[in-house]
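Those protein sequences? They're chains A and B, same order as listed.
Going letter by letter, the first sequence gives residues 20 to 611 in the working numbering.
Going letter by letter, the second sequence gives residues 20 to 611 in the working numbering.
Derived from the structure by calculation, the hints contain no laboratory data.
Owing to the predicted nature of the structure, the values given are computational and were not obtained by experimental measurement.
So the derived label-pair ranges between C-beta atoms look like this:
id : chain 1 : residue 1 : chain 2 : residue 2 : range
1  : A       : Pro303    : B       : Phe141    : 41 to 51 Å
2  : A       : Thr155    : B       : Ala98     : 52 to 62 Å
3  : B       : Asp512    : A       : Val546    : 53 to 63 Å
Note that CB positions come from ideal geometry on N, CA and C, so glycine has one too.
Protein chains: 2
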Amino acid sequence: MSVLRIALAQVDPTVGALASNAQLIVDWTRRAVAAGADVVVFPEMVLTGYPVEDLCLRQSFAQASRTGVDGLAGRLGKAGCGETLVYVGYLDRDEEGPRNGVAALFGGAVVARQFKHHLPNFGVFDEHRHFRPGRTLEVLRLHGVDIGLAVCQDLWEDGGPIAALGQAGVDLVVSPNASPYERSKDDIRLPLVARRAAEAGAPLVYVNQVGGQDDLVFDGDSFLVLPDGALQTRAPQFVEDLLLADLDLPAGGHEAQGDFHGLRLRRQVLTHAPLRRRAAPAAPIISEPLSDEAEMWAALVLGLRDYVVKNGFSTVVLGLSGGIDSAVTAALAVDALGPDAVFGVSMPSAYSSSHSRSDAKELARRLGCNYRVEPIADLVRVYVEQLGLTGVAEENVQARVRGMLLMALSNQDGLLVLATGNKTELAVGYSTLYGDAVGGFAPIKDVFKTEVWRLARWRNAEATTRGEIPPIPENSITKPPSAELRPGQLDTDSLPDYHLLDDILDDYVEGDRDHADLVAAGFDAEVIEQVVRMVDRAEYKRRQYPPGTKITLKAFGRDRRLPITSTWGHGHNQPTVAHHGVGPGRTVVGEA
Amino acid sequence: MSVLRIALAQVDPTVGALASNAQLIVDWTRRAVAAGADVVVFPEMVLTGYPVEDLCLRQSFAQASRTGVDGLAGRLGKAGCGETLVYVGYLDRDEEGPRNGVAALFGGAVVARQFKHHLPNFGVFDEHRHFRPGRTLEVLRLHGVDIGLAVCQDLWEDGGPIAALGQAGVDLVVSPNASPYERSKDDIRLPLVARRAAEAGAPLVYVNQVGGQDDLVFDGDSFLVLPDGALQTRAPQFVEDLLLADLDLPAGGHEAQGDFHGLRLRRQVLTHAPLRRRAAPAAPIISEPLSDEAEMWAALVLGLRDYVVKNGFSTVVLGLSGGIDSAVTAALAVDALGPDAVFGVSMPSAYSSSHSRSDAKELARRLGCNYRVEPIADLVRVYVEQLGLTGVAEENVQARVRGMLLMALSNQDGLLVLATGNKTELAVGYSTLYGDAVGGFAPIKDVFKTEVWRLARWRNAEATTRGEIPPIPENSITKPPSAELRPGQLDTDSLPDYHLLDDILDDYVEGDRDHADLVAAGFDAEVIEQVVRMVDRAEYKRRQYPPGTKITLKAFGRDRRLPITSTWGHGHNQPTVAHHGVGPGRTVVGEA
Chain A
20 MSVLRIALAQ
30 VDPTVGALAS
40 NAQLIVDWTR
50 RAVAAGADVV
60 VFPEMVLTGY
70 PVEDLCLRQS
80 FAQASRTGVD
90 GLAGRLGKAG
100 CGETLVYVGY
110 LDRDEEGPRN
120 GVAALFGGAV
130 VARQFKHHLP
140 NFGVFDEHRH
150 FRPGRTLEVL
160 RLHGVDIGLA
170 VCQDLWEDGG
180 PIAALGQAGV
190 DLVVSPNASP
200 YERSKDDIRL
210 PLVARRAAEA
220 GAPLVYVNQV
230 GGQDDLVFDG
240 DSFLVLPDGA
250 LQTRAPQFVE
260 DLLLADLDLP
270 AGGHEAQGDF
280 HGLRLRRQVL
290 THAPLRRRAA
300 PAAPIISEPL
310 SDEAEMWAAL
320 VLGLRDYVVK
330 NGFSTVVLGL
340 SGGIDSAVTA
350 ALAVDALGPD
360 AVFGVSMPSA
370 YSSSHSRSDA
380 KELARRLGCN
390 YRVEPIADLV
400 RVYVEQLGLT
410 GVAEENVQAR
420 VRGMLLMALS
430 NQDGLLVLAT
440 GNKTELAVGY
450 STLYGDAVGG
460 FAPIKDVFKT
470 EVWRLARWRN
480 AEATTRGEIP
490 PIPENSITKP
500 PSAELRPGQL
510 DTDSLPDYHL
520 LDDILDDYVE
530 GDRDHADLVA
540 AGFDAEVIEQ
550 VVRMVDRAEY
560 KRRQYPPGTK
570 ITLKAFGRDR
580 RLPITSTWGH
590 GHNQPTVAHH
600 GVGPGRTVVG
610 EA
Chain B
20 MSVLRIALAQ
30 VDPTVGALAS
40 NAQLIVDWTR
50 RAVAAGADVV
60 VFPEMVLTGY
70 PVEDLCLRQS
80 FAQASRTGVD
90 GLAGRLGKAG
100 CGETLVYVGY
110 LDRDEEGPRN
120 GVAALFGGAV
130 VARQFKHHLP
140 NFGVFDEHRH
150 FRPGRTLEVL
160 RLHGVDIGLA
170 VCQDLWEDGG
180 PIAALGQAGV
190 DLVVSPNASP
200 YERSKDDIRL
210 PLVARRAAEA
220 GAPLVYVNQV
230 GGQDDLVFDG
240 DSFLVLPDGA
250 LQTRAPQFVE
260 DLLLADLDLP
270 AGGHEAQGDF
280 HGLRLRRQVL
290 THAPLRRRAA
300 PAAPIISEPL
310 SDEAEMWAAL
320 VLGLRDYVVK
330 NGFSTVVLGL
340 SGGIDSAVTA
350 ALAVDALGPD
360 AVFGVSMPSA
370 YSSSHSRSDA
380 KELARRLGCN
390 YRVEPIADLV
400 RVYVEQLGLT
410 GVAEENVQAR
420 VRGMLLMALS
430 NQDGLLVLAT
440 GNKTELAVGY
450 STLYGDAVGG
460 FAPIKDVFKT
470 EVWRLARWRN
480 AEATTRGEIP
490 PIPENSITKP
500 PSAELRPGQL
510 DTDSLPDYHL
520 LDDILDDYVE
530 GDRDHADLVA
540 AGFDAEVIEQ
550 VVRMVDRAEY
560 KRRQYPPGTK
570 ITLKAFGRDR
580 RLPITSTWGH
590 GHNQPTVAHH
600 GVGPGRTVVG
610 EA
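Chain A on its own, in the form it takes in the complex (with noise of 0.2 Å):
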């Protein structure tokens, strides 16, 4: 049979790598190739990584990125590749401006250049900021195939490329994406992908990257679908994969050039040869999606991992508290860097109770990590005595002494630092400036409370599953939440419930809804006003929290940019002086 046979590379690029990247491009090419593709699509701007934030806005690093996508087409004509035809993404700049492009390589050259023209401004999203739209598109046609492109965002719009690719007339749509997972992003990608492929008239190759970088992290999850929305295949999610799709496409020999939807579209012939005879299809190969918590997991894992390795670390030290925060967050670590990469401190001080130390004992007994016990009391006194500190004061040393422990350690030893620190704490504040927020990355910044226990007895069931020792000890899990930091403190002493606190916050700060929606929504009024005070009051201490791994549609950082200086809101609507020197509880800093 004669078909057209693409390849779908899911790959990790590394942001500014433009050498290494453009090795792996070559590499995975090699490998398309050696399997018979005829097309291989690299994800959105995979030469430069992405996002480059505002490193493109840098002349060098665009002209780099320029010549590096020419310098791959000829290292590809040279390597036997020049008859495939490779989708890169690549920064471009021209007189106007930086360009979000993807280039066309065949024939050991750069065959065609088209610039994403929808430029996401929201979220995580600059692209107003980096980028000017591109006003073409670029048909090729290959072994009689008419082939169309869109550019990530440019799949979202309606009546953009994709509707004017649909009028004109195509054969096949490849997508180049760098698209972060969110929860539930894939439950929307796919029919949105499907209706796109029926607008189209043609079959749609969706390639998302993966990896971490920074607070995102990419799914990779990249699949074809066919213009009657049935899945022909599925990348699974979070790890590099080189999947192979054959099409046995209809030569629609379109003709139509000129303007559509405001948009220029040109059309080339690459190669008239016919398409290869094939002895044995692909098989077509449809990965499962993940559970919901194996999803957060691996998320979590990936994004840990690679910030650490993509930063030159190998090793990471965290305190174990004996708590389900700092339990969860080894099991990532061992997960994504290996019992031995992982350095976990228990740091009893007057305050901790007997369980504190046996609970961390066994999770780093279970987990195979490295463990060292370093008391702080001595630490602690000489502060208290010098300065007579009482109170919250004394409380806050505590943690600060905890977190100026491991970054001695991580001063002595190069170890990187993780903070423990779950979303519903950021969001309330929590957590003590300079104690238990330091760190270089916080990998469950992202995961709420309720989250995180929920994430806990997942990992530990999956265990059991394969017939594994459950990583996090059940005792961890199962009592009240406290930061022992005087004696009997329990966090539900200056915090609501969990499930309560979670679900405002659900609606506070996911939903960006406001007091009047909240007290709709038939929360307590003085319960509201007390968690919208405290979120609000807490947002410089979020400005000087680590970054970590966005899992949720709304994560702290970029994706909610708001003021430090604003007396908005305070659970009453009312204007009020800000005054962020009282908080709650242990989290207290009587400091902005």
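Given chain A's structure and the hints, the job is docking chain B onto it.
Relative to the frame of chain A, chain B by itself:
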């Protein structure tokens, strides 16, 4: 004579404080009306404060702003200000989304609303994220004078609203602005606005906000310029001011309506009453712009004062090392808040020179601020002994003990901690994370080291001129900079000479140039490599640094958004594995 009297209301609103900002608008309008004003112009988004960032995406906030501006119109009508036309910037929202709006208030009602057309999305601005652009121009006839409106960025774009107003015909243009201060920006604004006045064929009233908002400070510097380029009146910088200007305007009787440059122009007559006859014209005041140093100093003082006060604090604490950075920061704090509100702490270690203590004490004496000494030897010893620390780990512990000590005082007494790092240190990462980098605000974060010295000399000279004691001890200015974390340590052990370093940073950071440009500029290749590498590797530290007042073209923070994980650059434009575990001298934090 019959003239139109215009009041330029250069006020300092607070973000989110709808009620108190409304009160501010009422108070200033009453003052303007008492002074005989026909027109009062407030800054851009004065009702909500500016920038409100993602607050503008909250429906309830936009609704409150809309309601607020309607209520304001009613209040002004009842307060006897109904015969005066008042322009008030506010947040609007309609079916298309949020709008950066200006309402015209007259006769107790909102008589017109115009939305900003050109939405800046570069530098510190994210207005494509936050607003939908307007499509109309509202021209109001008051006493026979046709008044057009252009909001902030609308002035800066060629062929925009001003071109449309010029073509349609108006007698006067008013422009509410929120234009953040940066050095030498006032040299650009006035000629630009003069050009626009010529283009409009009418006098142009430029009203800018004054005050600090997180890392931005607005300088005011409002003015009125005639179509021939003559400056009629100009307000002082960095203070609130009500400036009056009388204009003897020809009643043009312009009638053209419809579309101009893609904008729909609408005309409305507010009153046919003739201009009032006035006995005495308003005296045209032209404030002299401040000198470069005076302007920077005033910016830093106001930025600091507004951050402290608007966040509900009244007192600050900072470490006094005897060096120039803490001396200048303390002097700024005293100028901003008064000596009683400033608490200086000398924290000598075993490596502190005798002059570090005596210079710190002398500084406090000159400033008249609070002063105490807290030796850190005992605090450091326990860490070093318990963990067996050496080298950089031991150096960093000293810095961190000082940071913790300041935070403990902050917790104990409700003081806001000031970080004393300068832009040069921040650029190359010459600071200790959670050490000297702790604080709620960092007043000289955007001041290069060589500028810190320059400001110190200027401030001392100012004092001498005024017959006051120069605040900064001469020795703090002249001695070679040292972190004093090991015996005999000097900054130049780890860094190039500060003048050379600042020259390179000016190109690399401010100018966004790259390695090749720096070589072409004649810098030594090895030094470039060292500096670029240090800057790139310190990104993770800058992310956790407190906010501080922007005074340069490109401040660290939202002005310069770079990935932490990136292997681009490092001096030779060749990707390498990032490894920011190792940095310069004292500031090494062996961790991301």
